[in-house]
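**Student:** In my numbering, the protein residues as written are 1 to 153.
Worth flagging that the hints you see were computed from the coordinates, not collected in a lab.
Check before you lean on any hint, since a few could be wrong.
[Claimed, not checked] Restraint-style ranges between C-beta atoms, simulated for each label pair:
hint, residue 1, residue 2, range
1, A115, N37, 12 to 20 Å
2, W26, F67, 13 to 21 Å
3, R142, Q83, 17 to 25 Å
4, R132, N49, 16 to 24 Å
5, Y32, A140, 36 to 44 Å
6, D128, F75, 29 to 37 Å
Just so it is clear, the structure is predicted and the values come from calculations on it, not from any experiment.
Just so you know, even glycine gets a beta-carbon here, dropped at the ideal spot from N, CA and C.
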Amino acid sequence: MLQSPRSRGPPEGAAVTYRHPFPLRWNDDDQYGHMNNAVYYEAMDTAVNAWMMRRAGRDPRGDVLAFARASSCEFLESAAFPQVLEVDVAVARLGTTSITWDLAILREGAPDRGAPLALGRFTHVFVDRASRRPVPVPAAVRAAVEAELPVGG
1 MLQSPRSRGP
11 PEGAAVTYRH
21 PFPLRWNDDD
31 QYGHMNNAVY
41 YEAMDTAVNA
51 WMMRRAGRDP
61 RGDVLAFARA
71 SSCEFLESAA
81 FPQVLEVDVA
91 VARLGTTSIT
101 WDLAILREGA
111 PDRGAPLALG
121 RFTHVFVDRA
131 SRRPVPVPAA
141 VRAAVEAELP
151 VGG
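Based on the sequences and whatever the hints tell you, model everything.
**Tutor:** So this is what it looks like as structure tokens:
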């Protein structure tokens, strides 16, 4: 699989334990007849936040927020409505106040890391809602990452 230093997708040899479906909508296509580049970011952001809410009990209205600090995407192949895509989620780095996610966008039913349409990376920094200052990764999120998601480097 093609890997760049910034966007690698889930680590080689790691079992992907979370794959999030992302059905394309009519308005996701642009004037060129394929999925607009911004929608790749929406798919990755949706997958990560869905995992944090479903598997780690994150409440986006709680006292601790996850702010996107950095993101990147390497576009490898196009997609278009009405395709259904899936986003594989893994963790590149679990820090004290942040998590860097490795993501791969695939066609529905593709094997793990098989022929990705895009490879992405997001870094979330956890902050206090009131002060907007960094705080430790919430214990429930850290425990869920350590129990469920491959951590690569």
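**Student:** Is 16 to 24 Å a correct range for the gap between the Cβ atoms of R132 and N49?
**Tutor:** Check passed, 19 Å falls within 16 to 24 Å.
**Student:** Could one say that the CB atoms of A115 and N37 fall in the range 12 to 20 Å?
**Tutor:** Holds, since A115 and N37 (Cβ atoms, about 19 Å apart) stay within the stated range.
**Student:** Indicate whether the distance between the beta carbons of Y32 and A140 respects the range 36 to 44 Å.
**Tutor:** 42 Å, holds
**Student:** Holds or violated: 29 to 37 Å for the Cβ distance of D128 and F75?
**Tutor:** 35 Å, holds
**Student:** Should the hint that R142 and Q83 are 17 to 25 Å apart at their CB atoms be regarded as holding?
**Tutor:** Since R142 and Q83 have Cβ atoms about 35 Å apart, the given range 17 to 25 Å is violated.
**Student:** Assuming the hint says 13 to 21 Å, is it satisfied by the Cβ distance from W26 to F67 or not?
**Tutor:** 31 Å, violated
In the structure shown, a violation is registered for the earlier hints numbered 2 and 3, in ascending order.
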